[in-house]
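Visitor: Please model the complete structure; the sequences and the hints are all you need to start from.
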Amino acid sequence: MTTLATPERLSERELDALVRDHLALVGHLVREMLGRVPAHVNRDDLTSAGLAALAAAAKSYDPSRGTPFGSFATVRIRGALLDELRGLDWASRSVRHRARKIETATAELTAQLGRTPTEAELAETLGVAVSELHSAADDVQRAVVLSLQGFAAGTAEDLVPDRTQGPEELLLHREKIGYLHQAISALPERLRTVVESYFLDERPMAVIAAELGVTESRVSQLRAEALTLLRDGINSQLDPDQLPTHVRQDGCIARRRHTYYTDVAARGNLHSRLTHTSPLGTPLRGALKAAGF
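Numbering (the UniProt record's numbering), first residue to last: 1 to 293.
Treat the hints as calculated values from the structure; they're not laboratory data.
Any given hint could be a false lead.
Claimed, not checked - Below, in silico cross-link-like pairs of lysine to aspartate or glutamate (EDC-like), each with a Cα-Cα straight-line distance of 20 Å or less:
1) 59 - 14
2) 59 - 121
3) 101 - 83
4) 176 - 124
5) 101 - 225
6) 59 - 12
7) 59 - 32
8) 176 - 83
9) 101 - 121
10) 176 - 232
11) 176 - 119
12) 101 - 14
13) 101 - 124
14) 59 - 21
Guide: What follows is the structure in structure tokens.
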């Protein structure tokens, strides 16, 4: 009969030292998160959540497993910061309202013009400055990033699942990562190029713009469009109730979206989705970083 190893526990003095030695980690992760959310998010609230997660991680840490404490704590601190943001409902109603207005106006103009409207045309229709469109797009992009980050964090290290999860939770975790890969590969070529160049290769916006022969603001618009498609493509497979409902179902935009959703679904099955991660859920190290994938 096999005897399970008893977890190695640290003394109170060792726990205190471990927490003190990693206080800077909390500050680093809070700064990283603040760079992805609107300015009104309170730093102190995030810091408090991060410190509590650090202390909890120290108490549950088992050195005998061989995992560096920094890696172990990072996963839990980032998870606590995301939970805090969701609890604060940082994506305010005004942000969501602006996003819906912009998406509705874009759909209507596209139907009228037979093409994607320019930023100037969209701004004129909405009665706002182009800079306000950029600001709204940035806020919406951050919302998409955090939504995706809820099941696929920034790096391979971040995607190591909680070892306390049961088999069903681990399987779902891995399948979601697989759907993310399928959604990226199903993007239209230009959008996929922007996503891979900006997030995977971490190339400057100006370089991407020069290669595509467009302005930096256009690249920013393409990036936001791609992230919205990724979110909806994944939701089309896992949570269809979250898909937008204000787009005319008989319009060209709805048809293009349906084609994209179908393509996402056709690009793999459960087996192929699970191959994007190891048995422990760690994804390929080419996972998107800055977008929170």
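Visitor: Could you run down the list of hints and mark each one as holding or not?
Guide: Verification of the hints:
no. : hint      : result
1   : 59 - 14   : 10 Å, holds
2   : 59 - 121  : 56 Å, violated
3   : 101 - 83  : 28 Å, violated
4   : 176 - 124 : 39 Å, violated
5   : 101 - 225 : 15 Å, holds
6   : 59 - 12   : 9 Å, holds
7   : 59 - 32   : 25 Å, violated
8   : 176 - 83  : 19 Å, holds
9   : 101 - 121 : 14 Å, holds
10  : 176 - 232 : 13 Å, holds
11  : 176 - 119 : 33 Å, violated
12  : 101 - 14  : 54 Å, violated
13  : 101 - 124 : 13 Å, holds
14  : 59 - 21   : 14 Å, holds
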